[in-house]
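Visitor: Chains as they are written, first to last, in my numbering: chain A, 1 to 249; chain B, 1 to 443.
Incorrect hints may appear among the rest.
Calculated lysine-lysine pairs in the DSS-like style (CA-CA distance at most 30 Å, straight line) [said to hold, decoys possible]:
(1) 334/B to 175/B
(2) 172/A to 398/B
(3) 175/B to 170/A
(4) 398/B to 301/B
(5) 265/B to 32/B
(6) 185/B to 110/A
(7) 376/B to 105/A
(8) 220/A to 377/B
(9) 105/A to 265/B
(10) 185/B to 32/B
(11) 234/A to 86/B
(12) 110/A to 32/B
(13) 192/B to 170/A
(14) 178/B to 334/B
(15) 225/A to 353/B
(16) 175/B to 86/B
(17) 353/B to 105/A
(18) 337/B to 32/B
(19) 178/B to 192/B
(20) 246/B to 110/A
(21) 398/B to 236/A
(22) 105/A to 246/B
(23) 265/B to 172/A
(24) 29/B to 398/B
(25) 376/B to 234/A
(26) 398/B to 376/B
(27) 236/A to 86/B
(28) 225/A to 29/B
(29) 236/A to 377/B
(30) 172/A to 192/B
(31) 110/A to 29/B
(32) 246/B to 234/A
(33) 377/B to 105/A
(34) 334/B to 67/A
(35) 220/A to 337/B
(36) 175/B to 105/A
(37) 376/B to 236/A
(38) 77/A to 67/A
(39) 178/B to 234/A
(40) 377/B to 225/A
These are computed hints drawn from the structure, not numbers from a lab.
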Amino acid sequence: MDRPRVAIFDFACCEGCQLQIVNLEEELLDLVDSIDVVEWREAMTETSHEYDIALIEGSITRAEDEKRLEVIRTRAKTLIAFGACATMGGVNMLKNNFDLADVKKCVYGKSANMPHLDTMETKPVDAVVKVDYKIHGCPIDKNEFTYVVRCLLMGKKPEIPEFPVCVECKAKGNPCLWDYGQVCLGPIIRAGCGSRCPSSGFRCFSCRGYIDNPNTTAAKDVIEKHGLSVEMLKSKMVLFGTGQGPTNA
Amino acid sequence: MHDNLNINVHHITRVEGHGNIVVNINSGKIEKLQWQVPEAPRFFEAMVRGHNFQDIQIIVSRICGICSITHSLAATKAIESAIGLKVSEQADIVRILMLYAEQLQSHVLHIGYLAAPDFFGAPSVVPLVARAPDVVKTIVKVHRTANEWANLIGGRPTHPVTIIPGGLTRVPTAKQFKQLQQTLKDIIPDAKRIAEAVLSIAGNIPNFERPTEYVSLKQTEPPTYTFYHGGITSTDIKGAVVPIEKWHETANEYVVEQSTAKWAKWHRDAYAVGALARFNNNYELLSPMAKDAAKTFGLVKGCCNPFMNTVAQLVECFHIIETTIGMIDGLLTKGLKDESCLSGVRNPGGSIKAGRGAGAVEAPRGILFHEYEFDKKGNCVAADMCIPTNQNHANIQKDFEKLLPEILDQSQNDIRLKLEMLVRSYDPCISCSTHFLDVKFVK
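With the rest of the complex left out, here is chain A (with noise of 0.2 Å):
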């Protein structure tokens, strides 16, 4: 088989997912033994329109960026979101709990208007074309990323859990950080990051996305259990993007 051409494009965001493809350090060599990296603007300087695999981060907050990205997906055989920005909207999506033409003005104040400053409502990768594959996270799993692309290499389906980040953090023995007056989100986000959060002593924040199924019976009784209430576990949930899945919590 030839090596996939794979081209990788930014979006709304902060580059933090490539710089995790960096991260790879000594396997990132290797990985492009295996691949045809065609296009990455923040490493390369090649371009080119002909792609087999298309690496999207970001999240689509203009018109042109919207025309844009229905280009590449035209041009690609198969379309990956990388990152919370590009799979829910990430951080990006906090703007549109605010009037638009007030978040302009806050930001630009009187220059607000000038047509380069322009903003929409931020939207993820898939409210704008078919995604194949997404990567979660904030920023993603270095080896998650692998994983997937080696599962594709293989014509192989990723798998990604679909349990909470507790069974993660509990297989490692960490105390519960609820019982230390934190406001975790644990019980309802997908896991597959390895609890790296809680294991630091940092609330799960929600960067990976609910889980399809949240239990949110179990999450209330938790909450209640420790004398919280539910509009504060609401403040913490909307931080990665409020339309990122199903819950009642």
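Got chain A; can you put chain B on it based on the hints?
Guide: Just chain B, lined up with the frame of chain A:
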């Protein structure tokens, strides 16, 4: 000489974020010469409003993937100043060590992956793997070491999860610090190998000078080559120090049509921030190995060749490694205390108050300011950030205007390459730079 020349670099590559270079020469006359920033603005200052002080770092860390630790620390310092939280000496030192990890990671990324291909005439680092495998592997090794170091202290290499207002959720163990110290001692020869490789191509660094104002942090108590404490200084105020709270008076931001990022000026029509600015303001306080490295490259205080910023970053790599080795000795001699968030100390600094505060930290690419105002519940009322690359945009434009007439006799490809190299030498972080604001704080 070119009678007619058109260069349109739409999205310069090998930089963080989106920037364009536009040159139009018609009948021998430069009609248009612009450094443009078309990056999609993200409006962080607007988005953080209403969020609790405990959640601000999670949001604003995402301003930049490459300098997420710097943003997290600048925000946390501003929050602590606003609501009146004190940080222990130990937490303070460990935070600086976390910041150093990011400086080293970012500097090596820039020197090795983003800038080096220009000097070797390569389009990216990939072809260099075959041409100079040992050097590339050494660069990868030092980059990996810096990331493992950030991961050890920050919980992840990007978007750290141990920084909380008032301290840190946890600190590494003494054993882990000792291992880190040994690893850093072991990579000194690797850093020297990278320096030798850079020195071998130093002849390709363009000979260009344009005097400008250099702005950075300066710390006098105790005198330190600072990335974290101190006030604002500049080469135009002869070593004087302006308090961080007055940063609006030093970074006078304004909107221009060619950019979604604001520009800044202080005493002149532009100023520069970054490694060269820090070097020019604080050279005397560099570590011995760093001074040796500067000497090898002929980098002296007062240098006003922007292309030498990359060399100043290399010099700082030595300072960071050498200084960290010493700081770990200090931490271990005093003995590590358990101040983790699981130790029962819920709120190390006491109760919170409504208020407003500013924090500044040196990002790898220059001084960064964050400022917040909170109500008495600790919810954010207003925010303002001033990003280093913003502060460099006007200076890049001014450099363009001096450089282009000096290189007009060169080929179009060479002109284009020199302009691109100039932008890259600032190590711009453009995603970062498209947020800032004119906010009216409630007095």
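Visitor: Take the C-alpha atoms of residue 175/B and residue 105/A, compute the straight-line distance between them, and say whether it is at most 30 Å.
Guide: 51 Å, violated
Visitor: Holds or violated: residue 178/B and residue 234/A, Cα atoms, limit 30 Å.
Guide: 42 Å, violated
Visitor: Is residue 77/A within 30 Å of residue 67/A, Cα to Cα?
Guide: 18 Å, holds
Visitor: Would you mind confirming whether the straight-line C-alpha gap from residue 398/B to residue 236/A stays at or under 30 Å?
Guide: 44 Å, violated
Visitor: Does the structure keep residue 265/B and residue 172/A at a Cα separation of 30 Å or less?
Guide: Judged against 30 Å, a Cα distance of about 51 Å means the pair is violated.
Visitor: Residue 225/A and residue 29/B: Cα distance at most 30 Å?
Guide: 75 Å, violated
Visitor: Taken at face value, is the distance from the CA of residue 301/B to the CA of residue 398/B at most 30 Å?
Guide: Given pair residue 398/B, residue 301/B holds - Cα atoms ~21 Å apart, limit 30 Å.
Visitor: Check whether the Cα positions of residue 234/A and residue 86/B lie no farther apart than 30 Å.
Guide: With Cα atoms ~29 Å apart, residue 234/A and residue 86/B stay inside 30 Å; holds.
Visitor: Residue 236/A and residue 377/B were given as a pair; does the straight-line alpha-carbon distance stay at or below 30 Å?
Guide: 16 Å, holds
Visitor: With a cut-off of 30 Å on the C-alpha distance, tell me whether residue 175/B and residue 86/B pass.
Guide: Distance ~27 Å between residue 175/B and residue 86/B Cα, so the pair holds.
Visitor: Would the hint linking residue 29/B and residue 398/B be met if the CA-CA limit is 30 Å?
Guide: 17 Å, holds
Visitor: Check the hint pairing residue 334/B with residue 67/A against an upper bound of 30 Å on the C-alpha distance.
Guide: 59 Å, violated
Hints 2, 6, 10, 13, 18, 21, 23, 26, 28, 30, 31, 32, 34, 35, 36, 39, counting from the list given before, are not met by this structure.
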